[in-house]
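K.L.:
Please build the complete structure, drawing on both the sequences and the hints.
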Amino acid sequence: MIEKKEIVEKVIFENQIEKLNPVQERAVKMGILEGESLVVSSPTSSGKTLLAELAGLNVTLNKRKKMVYLCPLVALAREKYEDFKRKYQKYGIKVALSVGNYDSSDPWLSRFHWIVCSNEKFDSLIRHEAPWINEIGVVVADEIHLLDDPNRGPTLEILLTILKEILPRAQILAFSATIQNAEEIGEWLGAKVLKSDFRPVPLYKGISFDGKIKLFGFKEYKLSEGLGLEESIVENTLLMKKQLIFFLSSRRNTEALAEKLSKLVFHFLEEKEIEGLKKISQAIENTLEIPTEQCKKLARCVEKGVVFYHSGILFDQRILVEEAYKKGLIKVITSTTALAYGLNLPNFRAVVRDAKRYYPGLGSIYLPVLEVEQMFGRSGRPKYDDWGEGILVAKNEKEVEELESYYLKGELEEISSKISTESALRIHILSLVSNHFLKSETEIFEFFKKTFFGKKYREISVLKEKIEETIFLLESWGFLERKEGKLNATKIGRRISQLYLDPLSANLFIESLKGCQKANEFTLFCLLAKAGELKPSPSLTTKDAFLVEEEILKNEEFFFFQMPDEFDEEYEEFLREAKLATIFSFWIEEKTEGEIMEKLKITPGELHSRVEISDWLLYSILEISKLVPFEQEIKKELKKLRVRLRYGIKEELVPLVSLRGIGRVRARALFDSGFGSISKIKEAKTEDLVRVLKSQTLVKKLKSEL
DNA sequence: GATGGACCCGTCTAGACAGCATGTC
DNA sequence: CTAGACGGGTCCATC
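Numbering that gives the first Met the number 0 puts the first sequence at residues 0 to 705.
Don't take each hint at face value.
[Unchecked claim] Once the Cα atoms are required to be at most 27 Å apart in a straight line, the calculated BS3-like pairs of lysine-lysine come out as:
no., residue 1, residue 2
1, Lys534, Lys465
2, Lys448, Lys463
3, Lys529, Lys417
4, Lys449, Lys482
[As the list claims (entries may be wrong)] Pair by pair, the computed Cβ-Cβ distance ranges are:
no., residue 1, residue 2, range
5, Lys600, Glu81, 33 to 41 Å
6, Gly225, Glu322, 28 to 36 Å
7, Pro359, His266, 39 to 47 Å
Just so you know, the hints here were simulated from the structure itself, not pulled from any lab data.
Even for Gly, the Cβ is constructed at its ideal location relative to N, Cα and C.
P.N.:
If you want it as structure tokens, here you go:
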């Protein structure tokens, strides 16, 4: 048994602080170390993670129970995992990371005390009925305002509802950015509510207009004349020897602004910095075998101390960029919202240049206050800055007033439930029934009454109808069945739920492929592209349309599902799907990323993420095919296609990439040098292989494996 | 005749979770 | 019902 005092001391020591901050102190007083559940609503940098550490130590050391720490982003989960391990491994705490690309539901997780997960991964672990669930003593849900997200909120909501049911005695810590209705969430979770505005470094918010930056209740900067608006803000920041992040509405804007600013920022660099940046710039340019235009552009900007940051950037480049910013080499980042939620990139000043964002069907409208707050969130680095700044840019006088009343004096939005969307109901009802958690329609209704939706609106009659419809659909697709008033998942239904596939997509695949005999690569890609998992489809320019239609025509005879007519409403969406199929086709024809990007305007980062999703979809289809009668030929085709897509290779290289350490480029090199099969490689002389692969160690490994 | 700025008009729009097989935190 | 920045093309002034 470890005293409360001792736990607090350990945590204080490991975090290298002198004492608990006001938020943390209140949490302790409210009983975080007595197993009290809490909803904590406070700013980004207010030290919420430390609360998890307190509860985790208490639960593990005193009760021999586990902590599960739920994160909305894999990057965030990784960060927490590294952090926890570094601090608490020495006290005997075993920390594990469990996210999509990292491991599976194996019982091995039961050996660990603290398990850091993404929300969806934990949902999946429950679907696989992980045996250690009942050893959980505390569940921490980070960034719980994600509940409001139409795509990903429902998973978190269902997850927490389930946890409350199966672990009624577990402690729940729900962390949120400052939100309007933390009390409602507290009521739902049966938790006390801790609201605070505390920040370790004060944040001043303001508006920039007419050559000035006015910080509310603080000071005013006069910007130099003769420079563009963004340039003058940058100059003002750099003269103070600080860094800043611009938030813009589109990727294209981030790239354009970064290039524009690089001309100015360059003059502020010191000799040493230029050297360092040159190295990073080269690394960025050479991330891919053949750099794409975007890679070159980013490299150019980095050289001058500026980067643009959005989801089209490759993963490795992101890492390089983040490190360089943390070191202070990069002076300015121009970013989309990609940076607002993600990782911990402390800076001095955040400038929201585009407070409006385009929403399809809505035009361009103001961002939610919460989102802007997130962008401001990390401004002001403890130990470096005495304060931080969050600045909105106004385009005219009217906007000055609007921004002021909306963002600076206005109220935060409420968090609401998004659980009533069709896709959420589809996915979660199937999952809840398939793991035997709910066994009848009545039980489903009862369950939904206990969700945040049910608690917030006090009744679910609106939902009831939708739930009935959903059950009907799942039944008609053969994923659920009814026996004596009880609901049950069919074998295939259960598998679909475990594969984490949207039942709608699963049904699409099954119906399209059942009895199909004549598909080819392109048309199979077209089918994949119809799935919601790959939406939104890439956008289509008039030039693309021409190219894509050509491709469709070429493969016309291999279409195994109905193509919409040119005059149909769905035709344009079909073309966009076919565009993705075209991109994939080029990819497996071994066209370079640069070529694909140039022809069809897709960023390298986007290509890779689509490939990854498709790999998962193809795997899932193959798994489904074990339970439904597909033609043998189609199965073979799918299997081959999966390998080709993952590596981006022609058919002839398929056998070669099964060797470890051999991917797209090396396989091509081997093939072109006459080593086109495993047996030929076996027979080949070592020195010949070394000549082709340019690596002694690789060849040695290869030979020893064969 | 080349260069470059002003202006018009069409185009296009953020992000990122999950399976599994590996060998290991 | 609702936007706005970019970039390519065009025209025209200037040297």
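K.L.:
Given a hinted range of 28 to 36 Å, is it respected by the beta-carbon distance of Gly225 and Glu322?
P.N.:
holds (35 Å)
K.L.:
For a C-alpha distance cap of 27 Å, please report whether Lys534 and Lys465 respect it.
P.N.:
holds (23 Å)
K.L.:
Is the Cα-Cα distance between Lys529 and Lys417 27 Å or less?
P.N.:
Roughly 24 Å between the alpha carbons, so the hint for Lys529 and Lys417 holds.
K.L.:
Indicate whether the distance between the beta carbons of Lys600 and Glu81 respects the range 33 to 41 Å.
P.N.:
holds (36 Å)
K.L.:
Are Lys449 and Lys482 close enough, with their CA atoms no more than 27 Å apart?
P.N.:
At roughly 26 Å apart (the allowed maximum being 27 Å), Lys482 and Lys449 satisfy the hint.
K.L.:
Has the given pair, Lys448 with Lys463, been kept, meaning a C-alpha gap of at most 27 Å?
P.N.:
Distance ~10 Å between Lys448 and Lys463 Cα, so the pair holds.
K.L.:
If you check the beta carbons of Pro359 and His266, does the distance land in 39 to 47 Å?
P.N.:
With Cβ atoms ~41 Å apart, the hint holds.
The structure meets every hint from the earlier list without exception.
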